[in-house]
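*Asks:* These protein sequences, in sequence, are chains Z and C.
Residues 1 to 374 (the working numbering) make up the first sequence, in order.
Residues 1 to 618 (the working numbering) make up the second sequence, in order.
The hints are simulated quantities; they were obtained by calculation from the structure and are not laboratory data.
Possibly wrong hints are sitting among the right ones.
[Claimed, not checked] Which chain Z residues stay away from chain C? Per the calculated CB distances, all over 10 angstroms, these:
1) 63
2) 104
3) 149
4) 269
5) 278
6) 374
[What the hints assert, rightly or not] Where chain Z lies over chain C, by a calculated footprint (3+ residues, C-beta under 8 angstroms):
7) 94-108
8) 370-378
9) 504-515
Even glycine gets a Cβ: it sits at the ideal position worked out from N, Cα and C.
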Amino acid sequence: MDRRSFLTAAGATVSVSVAGCAGLGGNDEASTGASSTDESTADGTSTGDAGSADETLVVGTYSAFVDSPSTSPGAWVKQRFEEEFDARLIWQTPSNEVNHYIERRNAGVDIEADMYLGLNTDHLVRVDENLDDGLFADVGDVAGQDDIKPGLQFDPDGRAIPYDTGYISLVFDGTATTAPETFDGLLAEEHAGDLITQNPASSATGRAFLLHTVKQFGPDGYLDYWSDLQDNDVRVLGSWSDAYGAWSGGEAPMVVSYSTDQVFADQNDANMAEHQIRFLNDQGYANPEGMAVFEGADTPALAREFMSFLLRPEIQGEIAVRNVQFPATESADLPEDYAELAQEPPEPVTFGYDELKGSVSGWISDWERQFASN
Amino acid sequence: MARDFDGDTDGADSETATETASGPSREQGRTVRNTIERRGIVGLAVATIALLLGIFYYPVATVFIDSVLVDGRWTAQVFVSILQDPFYFGELARLLSGEPVGAVIESIRSPDRRLGVIGFTTYQAALSTVASVALGLPAAYLLARFEFPGRRTLRSLTILPFVLPSIMVGVGFVATFGRNGTLNAVLGALGLGQVNLLFTLEAVVIAHAFYNAPLVARVTTAAWESVDASAVETARSLGASPFRAFRDVVAPQLYPSVLMGAALTFVFTFSTFPIVLALGGFQLATVEVFVYRLIRDLEYAEAAALALIELGISLGLLYAYLRYEARHTVQSRGIRPLPRRPLTPPSLSVRELLPRMGLAVYAVVALAVFVAPIASMVLASLSGPEGLTLANYQFLIDRQTTGASFQVQPWDAVRNSLLFGVASLAVALPMGVVVAVLTTRDYRGRKLVDAVAMAPLAVSGIVVGLGLLRGLVFGVEIGGSRLAVGGGLAIIAAHAVAGYPFVVRTVAPGLESIDHTLVESARALGAPRARVLLDIELPLVWPAVVAGAAFAFAISIGEFSATIVLASGTNQFTMPIAIERFIGRRLGPATAMGVVLLVVTSASFLLIDRLGGDDVGF
């Protein structure tokens, strides 16, 4: 019903249940929460089987990384890592992502994951604004770190390191319109009602677009720009899929999305003319995704080996292709033709940690108050 | 908690065991049986309260307390600042912050008055309620008063929209009401021009009616089917015209149900969330949008206070309705329903033709609002880049056969949904009946108890999710070890808690309207309370019980937020979660899973109605 809200502010679960799970599934190795750690928390007595090496690495991440209908890198990464390291990798995908771990730390409950994959700058800011003690440990000695593109490093305190990045751009149907080249062009009368974007509070693309306007017009000017944009009938829908669905259905010819859109279009044999990319002002807002080890992780050494593993050239290339993003390192092995479809902006822009900390909530809240004032 | 119910089952077992024995033990058996029947209701009531406290009130309280306990200090400041914030309360906030009444009234009357988020949320909920009632009543009229082939099937399927995830409704609505949608194609073909419905308040209101008109229709149908024919016949034999007989005899018995449907619709649309942003846009943001955002940003104090204000308004309205319901019950002992009329007019008189023509017009509207979006969902699941395809269903099969264990498997999701649905129904039915019995007894403040018992319908789903995480999944530290709750049984309990209010709301008015002398004579003859309930009262209100069961099941099937929090692994995910996971660039895989949900729930609803029997007094 209506109260079936699409995402809750709560995440996953724990192994102990009132009276077991009675055939409704007990221990599968993947979990949304922490059931996976049965073996590691069974106070060391249940070491009977396996006995040997099999170290377990529990990695928290967002669900699309391991389970999306097109492609996702999760299964491939797990297989390659387990083959090589004689270890077991368990994906954990709590529905509220990083917040799940912040909640656990706040409640004084053990965090059963060893590391998190899929951190962005906002997440780190949120962690630091809400927890007195750290959630993540220093990145420490991770081979391959030096290959990371310098512009992508987003944690000044050296806990998170990027493993890939996306660029947020406009995607437009070239058979219906030609997207303007500048932000100001979006205000033109001919583009009235042409743009669909997303709620910055619940969508990464919507947030990136809003932050890009702050970048462009400054904290004192972005609201005026949005006022004009609203007058020109911009649509701000809830989620990326709301927006992309409405755009695909022809409700408007332009949508805020990822600059890798043509990769998907190609997979689906779509007409490329309907999937054009526009970097406004020749800029794309970068959204690097990072990884970090939890403080108090059971297997921090294995976690760091996993991070190095992910930074290797061949793994970087494969993750980028399977996650439909861009590698974080200079040295990644990408297929020759990848760049034909996955477009990188002439000038990547983004806000760093220091700029967002203390400001980002205010920018979004002010925007909400202006846009939804009834 | 669920254990308490087990205790009950044990009791029943021993009852049948002793039944077969002879001599003195038969005597003993009767005593046990009498004890069970005497204590049965009390036992169930205790179990119900324990379950509600453990699975609902305590977890939710762990979130709400943040609104008054900030950094370890008690404060009302959070509420005060929300109440005085024009962003939330519009012009009213100025009144609450002490501005002169005259000035505030002046600005409320001016055209550029501000409603605030809460004012706007109330406004759209009121519009949605009106639309839902307007679209629901004709359906009830058709289903309750006319006989036609497929009537029972249609009645069973009425509540289908109720279980659809918002993503499916979004797909269906864009395809139906969008710029290039079916509606515009039809209007264009008829030469009637174009309408741009999407991203307007109208689209949101229609979507809310899509969800809630079925609710109004179903509860009103149940009430209409319980109207005693003899009362109408008496009125007619005393010279009342058909219209008067309807107005004076039938309508008063329908008002409580219609108003209940309206009240529940208001409560649901007041806490609406994803659908508003999917079809309307952020300029139409409702309270729940901000509760979500604040919780996501971990601003718990403001989130909890806002959600409590939201809850207060919803419960206030429900309480007002319950007071009305209590005062407007028509007592009856009726078990003989009104005979249905054939849908094909028996004669060509105006009196026979007019209502049927009205229904024909309604059918066209219903086709556009209910059938077209659902048909579009089915079509979307069968569409690919090169036209019609089964590729999306192939995806489901592939995912089932080759998907990794940490990915959602379609069949597991179907199985889990059905298991949770049936099990939670088995818990929700006795819970609902017992609360209905308790709240229809005479004591002071019973309607207040009734309103509080309805809270699971009205609390923000986002708050429930967070509460379950904090209260159950994280657990409590007892003697050095941590007692945490999760997994299948917890999901069943949470679904039962979410669904039982429907059983209460459909059953309670019926119980209230039963002629009290019936119950009293049975009691005077020595029948224990539970026996009277099972042998006399429930058979009299059976259509309402079946309707309540269908809703409780529907709630379980559609539930998302509690399930994803409590599931101990991907293999406990349900159909709505699978749909959410399958959303990607193309909507095909998600819509295919959505169609699976449609088919599975349709079959379930048909089965529930068949098992429940069609006629009163079954």
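*Asks:* Hint by hint, say whether it matches the structure.
*Replies:* Checked hints:
1. 63: At about 6 angstroms from chain C, residue 63 of chain Z fails to clear the 10 angstroms cut-off, so the statement is violated.
2. 104: 7 angstroms, violated
3. 149: Given a closest Cβ separation of 26 angstroms, the condition holds.
4. 269: Nearest chain C Cβ is 5 angstroms from residue 269 of chain Z, so the label is violated.
5. 278: 18 angstroms, holds
6. 374: Its Cβ does come within 10 angstroms of chain C, the nearest being 4 angstroms, so this is violated.
7. 94-108: violated (count 0)
8. 370-378: Check failed, 0 qualifying residues.
9. 504-515: violated (count 0)
Violation of the numbered hints given earlier is confined to hints 1, 2, 4, 6, 7, 8 and 9; the remaining hints are satisfied by the structure.
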